[in-house]
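J.: For the record, the sequence lines run as chains A and B. Numbers 1 to 353, taken from my numbering, label the letters of the first sequence in order. Numbers 1 to 476, taken from my numbering, label the letters of the second sequence in order.
A hint or two may mislead.
Here are the simulated DSSO-like pairs of lysine-lysine, each with C-alpha atoms no more than 30 Å apart in a straight line [said to hold, decoys possible]:
hint, chain 1, residue 1, chain 2, residue 2
1, A, Lys-215, A, Lys-159
2, B, Lys-112, B, Lys-406
3, B, Lys-49, B, Lys-65
4, B, Lys-65, B, Lys-378
5, B, Lys-451, A, Lys-215
6, B, Lys-182, B, Lys-144
7, B, Lys-183, B, Lys-209
8, A, Lys-215, B, Lys-425
9, B, Lys-257, B, Lys-90
10, B, Lys-209, B, Lys-50
11, B, Lys-65, B, Lys-257
12, B, Lys-470, B, Lys-451
13, A, Lys-260, A, Lys-159
14, B, Lys-406, B, Lys-57
15, B, Lys-128, B, Lys-174
16, B, Lys-183, B, Lys-278
17, B, Lys-49, A, Lys-289
18, B, Lys-399, B, Lys-59
19, B, Lys-210, A, Lys-215
20, B, Lys-451, A, Lys-289
21, B, Lys-200, B, Lys-455
22, A, Lys-215, B, Lys-468
23, B, Lys-399, B, Lys-49
24, B, Lys-406, A, Lys-215
25, B, Lys-128, B, Lys-179
26, B, Lys-49, A, Lys-215
27, B, Lys-347, B, Lys-330
28, B, Lys-470, A, Lys-215
29, B, Lys-50, B, Lys-174
30, A, Lys-215, B, Lys-455
Derived by calculation from the structure, the hints in this document are not laboratory data.
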Amino acid sequence: MTTTAQFLPAPPLLSPVAHNWKLALLAGLVVSVIAIVLFPARLSVSVVGAMVALVAAAFAVNAYRRRYYGGLLVAPAIAVLFVMNIFPLLWSLGLSFFAYQSNNQSIRFVGLNNYIKVLTNDIAAPANWDALINTGMFVVFTVALQMITGFLLAMLFAKQFPLRKYLLILVLTPMMLSVVASGVFFSYYYDPTFGILSYVMGEITGNQFILMDSKVGAVAGIVFTDAWMWAPFVMLLVLAGLVSVPKYLYEAAAIDRVSKARQFWTITFPYIRGLLMLALLFRTIEAFKLYDLVYILIRGGQDTKTIAYLITEIANEQNKTSEGAALSYVILFMVIVLTNLYLYLANRRNQGA
Amino acid sequence: MTTMTKMKGVATAFSFAALMSVGGASLASAEDVTLTMAVPDWPPTRIMKKFFDEQYKPKSGNTVKLEVDFIPWPDFYTRVNASLTSGEQKYNFIVSDSQWLGAFVEGGYFRKINDLLDADPEFMATFKTIHPNPLNAYSTYPHKTENYYGFPQFPDVLVNYARQDIICHDEEQKNFQAKYGKKLPCTGEELDAMTWDDFKNVGEFFQRKKGDMLAGAPADDDFYGIAYQAGKGYDFSSMQINGFIWQMGGDTWDETKAPKGQAEGVVNSPAAVAALEKYLSLIQYMPPVAKTGTMDIFVSDQLFREGKVAMNIDWIGLGEASLAADSKVKDKLVFGQMPGTMGADGKMVRWSNIGGQPFVLTTWTTESQTKEAVDFVKWWLSNDIQHQFAQGGGQSAVKAVYEDPKYVTYRPWNRAWAPQLDWQKDVWHVPQFFELLTQQQDQFDLAITGKQDAKTTLDNIAKFQQDKLKEVGLIE
Numbered sequence: 001m002t003t004t005a006q007f008l009p010a011p012p013l014l015s016p017v018a019h020n021w022k023l024a025l026l027a028g029l030v031v032s033v034i035a036i037v038l039f040p041a042r043l044s045v046s047v048v049g050a051m052v053a054l055v056a057a058a059f060a061v062n063a064y065r066r067r068y069y070g071g072l073l074v075a076p077a078i079a080v081l082f083v084m085n086i087f088p089l090l091w092s093l094g095l096s097f098f099a100y101q102s103n104n105q106s107i108r109f110v111g112l113n114n115y116i117k118v119l120t121n122d123i124a125a126p127a128n129w130d131a132l133i134n135t136g137m138f139v140v141f142t143v144a145l146q147m148i149t150g151f152l153l154a155m156l157f158a159k160q161f162p163l164r165k166y167l168l169i170l171v172l173t174p175m176m177l178s179v180v181a182s183g184v185f186f187s188y189y190y191d192p193t194f195g196i197l198s199y200v201m202g203e204i205t206g207n208q209f210i211l212m213d214s215k216v217g218a219v220a221g222i223v224f225t226d227a228w229m230w231a232p233f234v235m236l237l238v239l240a241g242l243v244s245v246p247k248y249l250y251e252a253a254a255i256d257r258v259s260k261a262r263q264f265w266t267i268t269f270p271y272i273r274g275l276l277m278l279a280l281l282f283r284t285i286e287a288f289k290l291y292d293l294v295y296i297l298i299r300g301g302q303d304t305k306t307i308a309y310l311i312t313e314i315a316n317e318q319n320k321t322s323e324g325a326a327l328s329y330v331i332l333f334m335v336i337v338l339t340n341l342y343l344y345l346a347n348r349r350n351q352g353a
Numbered sequence: 001m002t003t004m005t006k007m008k009g010v011a012t013a014f015s016f017a018a019l020m021s022v023g024g025a026s027l028a029s030a031e032d033v034t035l036t037m038a039v040p041d042w043p044p045t046r047i048m049k050k051f052f053d054e055q056y057k058p059k060s061g062n063t064v065k066l067e068v069d070f071i072p073w074p075d076f077y078t079r080v081n082a083s084l085t086s087g088e089q090k091y092n093f094i095v096s097d098s099q100w101l102g103a104f105v106e107g108g109y110f111r112k113i114n115d116l117l118d119a120d121p122e123f124m125a126t127f128k129t130i131h132p133n134p135l136n137a138y139s140t141y142p143h144k145t146e147n148y149y150g151f152p153q154f155p156d157v158l159v160n161y162a163r164q165d166i167i168c169h170d171e172e173q174k175n176f177q178a179k180y181g182k183k184l185p186c187t188g189e190e191l192d193a194m195t196w197d198d199f200k201n202v203g204e205f206f207q208r209k210k211g212d213m214l215a216g217a218p219a220d221d222d223f224y225g226i227a228y229q230a231g232k233g234y235d236f237s238s239m240q241i242n243g244f245i246w247q248m249g250g251d252t253w254d255e256t257k258a259p260k261g262q263a264e265g266v267v268n269s270p271a272a273v274a275a276l277e278k279y280l281s282l283i284q285y286m287p288p289v290a291k292t293g294t295m296d297i298f299v300s301d302q303l304f305r306e307g308k309v310a311m312n313i314d315w316i317g318l319g320e321a322s323l324a325a326d327s328k329v330k331d332k333l334v335f336g337q338m339p340g341t342m343g344a345d346g347k348m349v350r351w352s353n354i355g356g357q358p359f360v361l362t363t364w365t366t367e368s369q370t371k372e373a374v375d376f377v378k379w380w381l382s383n384d385i386q387h388q389f390a391q392g393g394g395q396s397a398v399k400a401v402y403e404d405p406k407y408v409t410y411r412p413w414n415r416a417w418a419p420q421l422d423w424q425k426d427v428w429h430v431p432q433f434f435e436l437l438t439q440q441q442d443q444f445d446l447a448i449t450g451k452q453d454a455k456t457t458l459d460n461i462a463k464f465q466q467d468k469l470k471e472v473g474l475i476e
């Protein structure tokens, strides 16, 4: 790449050629700022959009003329990523420093006030902290249950037995269902009048059984449903690791009369550790965003509101956009710290091994 | 240079395409007007669309199309809210819960219609035939001022759904009389005369375990006397609790008294606390799902249709479902007004929170669309169409229609309609509606699931409202 880039020297800053991306960037910035200051919002958005397109075009021409084809090939992907992910992300980050409600036209810069409000305000903060604690609790319980169940299922399905293929498909089905469908299914399952759970428990104990009438019951119900849906995902990853272990290692171990437990820790586990870590990472990130099941099964009742639930309420229902954005960034920060911690631990283990 | 040429070519193609689309739009005949509408997906709106397609002939001679987005109820607010706040300006008409008016008027989305009413005496005359309670709730912002926004789409009130086969059974009648020294209500008139104490008796009386005798036969499942909304979602407890509070002499924060009116001391007055206690005391007689805080209007309706409950207080809007083929109680129904509270003067106090929805015009609707929209609304509110709507399962707030003797014959619950209209009130059309509602629903949920007593609950609600409304200047 570096050699091909030599074909065309970089133009001087003010030279008006199509591949002068520095000039395009400069002009784009200046025009955008002028447009934002002078024009009404509706018009200035279009102007800024046009400027972004101009800069992008300059980049593309530059890459083409300087034969930087690699960059040109990934450009569409980067453009989509920018438009769909990075731009909204930065936009919402910007919003979190303003007092802005989506159903209100006024906007005012307030610095860190939204962050201070969501973390310390008398009215807002206690609910946020409660939701944060609930989220942490759901992360621990759902991920733990999914990892254990998924792992055990994988151990089971790594063996050959009759009907294995069909059972495997059956076990994988929950993962493919929409969360809403599973949620509705389980809300009937748990229903004290129509549900089978209360029916069975009632027959056994002779007393009326209402799962969701306490926090413990509600959390158990949600955790079970989530695990039912996502344990197969963990299983799938672990299974991929298990089938990749070369058979001859076990044969050699068997000849050496190594115990089953020892075989597991020294042969099997190193092969699946990376995948287990990956499953843990995915599921933890997902668990932080738990909203759907809490909504469908209990509407956030019995003190089960998660942070995602609260953000939906604040940002989407109450239209407190910037406050919701601030809260979202607090969570994003926590998730990033946590995942980096995971990755750090995983890498250190790998190096140690 | 080849790049430049190519880019020029692309630019030309783009501008050509743009020209084509602009030209295409302006070529379309000026006689074609499309009105786009966002509505919840249920019979009252389906019927409106059907009537429009089958019967509506625009007076202007234009071709008017009504494009309707039927949105499922649980998503309705989120979808409408997202559409409005995103600025996509998609809809000309929106079916709105009455309490959304403030938020969306202040946001600049809902169009004030005073100029349209003033310009068209016939329209004004039609408009004024609507009962003042629904008119205030559905159309005025600030509440009860002469600033008008909406027209009734489907007006609604809470009524008492009852199982005639159970409550009129001789054996049950005899046992009830022996236990309470009062007749077990059986006819519509007897249901109308019920107080909440009578309702409680019915709840207590009809608690049957599977296998117990129920109306002369062993019950095939647990059976319950009463149900009403006690759910955490949306407004699925407030709409019932407000009625209790108003009936028993308490009050909610009154927006018409702003900024002098207070929340603290009003919302948590002793009368309001007593009313909430009364509401909570009945939950023990309801199907067990009430204890989970998820018994919303749809759940209690389903329990009723599945034959698990003797009496259910619910909106008329769900009435059609109870008569539908898959309802287990479709041929066993009798309807009455929601129970009331006996006043000190021996007269029944029946305050209840109004339900139903108006539809409103949006601010970006063009002049020609507005003209057609007004004609459409006049047609919709005309006596003939309102009668047809009521016959098809809708309700009408137009005086001449619901006072017509024929009206009560359309549906069994219509007998409760007109007398209830005089007792309808509404809460909070202010922009902070959703914040007030979610906090209140959360607090009521704590009380319903037994985590918190009535006093603490209303104290918390009052404090939150006082702080919140002070912050935005609605309380001084």
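J.: Would you mind confirming whether the straight-line C-alpha gap from Lys-470(B) to Lys-215(A) stays at or under 30 Å?
T.: Violated, at roughly 34 Å.
J.: What's the verdict on Lys-451(B) and Lys-289(A), does the C-alpha distance respect the 30 Å limit or exceed it?
T.: Holds, at about 27 Å.
J.: Check whether the Cα positions of Lys-128(B) and Lys-179(B) lie no farther apart than 30 Å.
T.: At roughly 49 Å apart (the allowed maximum being 30 Å), Lys-179(B) and Lys-128(B) break the hint.
J.: Hinted pair, alpha-carbon criterion (30 Å max): Lys-209(B), Lys-50(B). Please report holds or violated.
T.: Answer violated: Lys-209(B) to Lys-50(B) is near 45 Å, above 30 Å.
J.: Would the pair Lys-183(B) and Lys-209(B) pass a check requiring their Cα atoms to be no farther apart than 30 Å?
T.: holds (23 Å)
J.: Would you check the hint for Lys-257(B) and Lys-90(B), treating anything up to 30 Å between C-alpha atoms as holding?
T.: violated (35 Å)
J.: Check the hint pairing Lys-65(B) with Lys-378(B) against an upper bound of 30 Å on the C-alpha distance.
T.: Given pair Lys-65(B), Lys-378(B) holds - Cα atoms ~16 Å apart, limit 30 Å.
J.: For a C-alpha distance cap of 30 Å, please report whether Lys-50(B) and Lys-174(B) respect it.
T.: Judged against 30 Å, a Cα distance of about 48 Å means the pair is violated.
J.: Would you check the hint for Lys-347(B) and Lys-330(B), treating anything up to 30 Å between C-alpha atoms as holding?
T.: violated (33 Å)
J.: If you draw a straight line from the CA of Lys-399(B) to the CA of Lys-59(B), is it 30 Å or shorter?
T.: Roughly 25 Å between the alpha carbons, so the hint for Lys-399(B) and Lys-59(B) holds.
J.: Below or equal to 30 Å on CA atoms is what counts here, so check Lys-128(B) against Lys-174(B).
T.: Distance of about 49 Å is beyond 30 Å: violated.
J.: Run the distance test for Lys-470(B) versus Lys-451(B): straight-line Cα separation, threshold 30 Å.
T.: The given pair, whose Cα atoms are some 28 Å apart, holds under the 30 Å limit.
Hint violations for this structure: numbers 1, 2, 6, 8, 9, 10, 11, 15, 17, 24, 25, 26, 27, 28, 29, all remaining hints satisfied.
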